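Engineer: The residues making up each chain are set out below.
4 protein chains.
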Amino acid sequence: MTQVLIIYASDYGNTEKMARAAAEGAGSIDTVSAVIKTADEVDADDMTASQGVLIGSPVHMGTIDWRVKKFIDTVCSGLWIRDRMIGRVGGVFTTGGGFGGAGGGAEIAMLSLLTTLAELGMLIVPLPKNTPGYTDGGLQWGPYGRSADADMENVGVSDAALDVARRHGANVARAAVVSGNADFFAP
Amino acid sequence: MTQVLIIYASDYGNTEKMARAAAEGAGSIDTVSAVIKTADEVDADDMTASQGVLIGSPVHMGTIDWRVKKFIDTVCSGLWIRDRMIGRVGGVFTTGGGFGGAGGGAEIAMLSLLTTLAELGMLIVPLPKNTPGYTDGGLQWGPYGRSADADMENVGVSDAALDVARRHGANVARAAVVSGNADFFAP
Amino acid sequence: MTQVLIIYASDYGNTEKMARAAAEGAGSIDTVSAVIKTADEVDADDMTASQGVLIGSPVHMGTIDWRVKKFIDTVCSGLWIRDRMIGRVGGVFTTGGGFGGAGGGAEIAMLSLLTTLAELGMLIVPLPKNTPGYTDGGLQWGPYGRSADADMENVGVSDAALDVARRHGANVARAAVVSGNADFFAP
Amino acid sequence: MTQVLIIYASDYGNTEKMARAAAEGAGSIDTVSAVIKTADEVDADDMTASQGVLIGSPVHMGTIDWRVKKFIDTVCSGLWIRDRMIGRVGGVFTTGGGFGGAGGGAEIAMLSLLTTLAELGMLIVPLPKNTPGYTDGGLQWGPYGRSADADMENVGVSDAALDVARRHGANVARAAVVSGNADFFAP
Chain A
1 MTQVLIIYAS
11 DYGNTEKMAR
21 AAAEGAGSID
31 TVSAVIKTAD
41 EVDADDMTAS
51 QGVLIGSPVH
61 MGTIDWRVKK
71 FIDTVCSGLW
81 IRDRMIGRVG
91 GVFTTGGGFG
101 GAGGGAEIAM
111 LSLLTTLAEL
121 GMLIVPLPKN
131 TPGYTDGGLQ
141 WGPYGRSADA
151 DMENVGVSDA
161 ALDVARRHGA
171 NVARAAVVSG
181 NADFFAP
Chain B
1 MTQVLIIYAS
11 DYGNTEKMAR
21 AAAEGAGSID
31 TVSAVIKTAD
41 EVDADDMTAS
51 QGVLIGSPVH
61 MGTIDWRVKK
71 FIDTVCSGLW
81 IRDRMIGRVG
91 GVFTTGGGFG
101 GAGGGAEIAM
111 LSLLTTLAEL
121 GMLIVPLPKN
131 TPGYTDGGLQ
141 WGPYGRSADA
151 DMENVGVSDA
161 ALDVARRHGA
171 NVARAAVVSG
181 NADFFAP
Chain C
1 MTQVLIIYAS
11 DYGNTEKMAR
21 AAAEGAGSID
31 TVSAVIKTAD
41 EVDADDMTAS
51 QGVLIGSPVH
61 MGTIDWRVKK
71 FIDTVCSGLW
81 IRDRMIGRVG
91 GVFTTGGGFG
101 GAGGGAEIAM
111 LSLLTTLAEL
121 GMLIVPLPKN
131 TPGYTDGGLQ
141 WGPYGRSADA
151 DMENVGVSDA
161 ALDVARRHGA
171 NVARAAVVSG
181 NADFFAP
Chain D
1 MTQVLIIYAS
11 DYGNTEKMAR
21 AAAEGAGSID
31 TVSAVIKTAD
41 EVDADDMTAS
51 QGVLIGSPVH
61 MGTIDWRVKK
71 FIDTVCSGLW
81 IRDRMIGRVG
91 GVFTTGGGFG
101 GAGGGAEIAM
111 LSLLTTLAEL
121 GMLIVPLPKN
131 TPGYTDGGLQ
141 WGPYGRSADA
151 DMENVGVSDA
161 ALDVARRHGA
171 NVARAAVVSG
181 NADFFAP
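Protein chains in written order, with our numbering: chain A, 1 to 187; chain B, 1 to 187; chain C, 1 to 187; chain D, 1 to 187.
I should point out that these hints are in silico values taken from the structure, not numbers from a laboratory.
Fair warning: there could be bad hints in the mix.
A pair counts as met if it fits within one copy or between any two copies, since identical chains are not told apart.
Derived DSS-like pairs (lysine-lysine); straight-line CA-CA distance at most 25 Å [what the hints assert, rightly or not]: (1) Lys70 / Lys37; (2) Lys70 / Lys17; (3) Lys129 / Lys17; (4) Lys37 / Lys17; (5) Lys70 / Lys129.
Source: prediction; values computed, not measured.
Please take these sequences and the hints and turn them into a complete structure.
Structural biologist: And the structure:
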């Protein structure tokens, strides 16, 4: 079995919904088991047991949630030092009110997660434009679920955004299965 | 008089409309004259004659138009070498189809313009959240005019986005007037 | 008096040294008082009492320290909602081992701080290339103090980098004095 | 045979050297042929004939060379519209004077190339920290060859940086071989 780990933090349940959809998508791939953990509970062993990792975060002030950052600083730093995740596969997703027509800073938030994957030496799976639902819940870096309306009322992520998350989870899982049997990075 | 220069490239006229709105806003401030040029025609003298500069670009593949980049590489690089723009004031704006609910890469495009202003040592004017029209045409880094619908049909930037551009131009002009009489950067 | 607030987190004392240098520079400007606080202790009242703000962070995995992010999420978010910091002045700085010849991800870390300033509607002060010490401790977005050598041994930030931080603090303070008497952003 | 395409622009020959090293690395992998083209001469057929693509650029004003951007706007945009590159494999590299101890803006330049790969739906190969030469010529996003000293004199990229480029080319080629036989992105 290939394990895919989905890590997230959530304030109002929207990022949790996206995480569950991504896990559902990953788990739908043959020979893949999906494990889902919050940023508070995930540890280094969860990471090293996984061939694929998806990290999701609400967007706060144009970057990621501090609980996700705490996980990165305290768990991922040590894995980086010891070169433990090189050659595995990763993807990211975010949610947010999207205040402002251009997404409310989702892009730097996604790049803050992607820099972690890159530092760890992991292959990065982006979100192809032909993914069904992309116009509603997509950005080139990964799924983005809008959770609030123009008045900043929490209205919840759309079914289309959840579907994008599901497909992204499946994409990462497919790549993780292959990367488990290949050595992309040679000495 | 304080001169504010607005530089842009445009494919279908949308960025040009945003540029004209920004110029209108800048020119509405007492003692400010606004000059508008395309990226193809602006030169180093236009830059050094200006206390404030706004640069606008369509978003192409998640970054700025190559004609704007050519202006940056061929005109701005020399000004950077000779420390000619330090202490002046700048702002940015973009337009784009916004394919994907999160803005289609507008943020890296804006940062590609902002890095130019920062390299030149210019004060950066962001877009405050309380700007009228922000929910339609704003991002924290500056105005963003959506020019296409979900099917990528060019529908033109909204009046709200143009109004945001107008107000952003006025904000940059106000800061340029003050920075012309102050020395923020001392040796 | 114009108050300039310096906020930081520190692991081994390097970012603290940079913060103290920035505070020294800010406090050297006439009519400016500098206040220095850790990310753990600063509150909303500290922010609203300040016309200028400098935020500094170690670089961890290519972005900012989680304690700085916690401050942003818990203190700055509320100020953003209520439009409390619009028109004030800000700057950023970082420290890091800089593993890898290109700075080890300092740029996304700085942008993670700058997006906070931009969201708050604050004028951004970059670091001019002609700042003495720039070649040792500068990036266009602000001072960057290298704290470790190629073997990741902590060797401490250089005097040149501390000098850059001092001058950056003074630059932000000068701009803060002016912005306290001007209204860049009009309704 | 799996084709890996290396695309670059060069001012003083440094990026060309890095491109040739990357091509040498890619071509060293069994069943891979490496093709190298300048940004001016590459066309859509070159792209669609390639399972792996490396794009390299000098850093100018904190982002990529305008000739590389012209290639992206004029060649890649059409491929994006028609979903022609989805599931292939990409990597990036840059060169630059690195004025300022933190790399002179190499990171946004690399992200400007990476956003193109992500928009095209291509798997992204980062640069693992354990790559020999990383401390001299590496960043998490890819190889970075410093071409100038602190006085901005062109001294040429180091052998270590060229070695990093060679290994990065080989890494991308290995991933391209696998991705040619796998379907990561399903409908």
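Engineer: For each hint, tell me whether it holds in the structure or not.
Structural biologist: Here is how each hint holds up against the structure:
1. Lys70 / Lys37: both (14 Å within a copy, 20 Å between copies)
2. Lys70 / Lys17: both (21 Å within a copy, 23 Å between copies)
3. Lys129 / Lys17: within (22 Å within a copy, 28 Å between copies)
4. Lys37 / Lys17: within (13 Å within a copy, 37 Å between copies)
5. Lys70 / Lys129: between (32 Å within a copy, 21 Å between copies)
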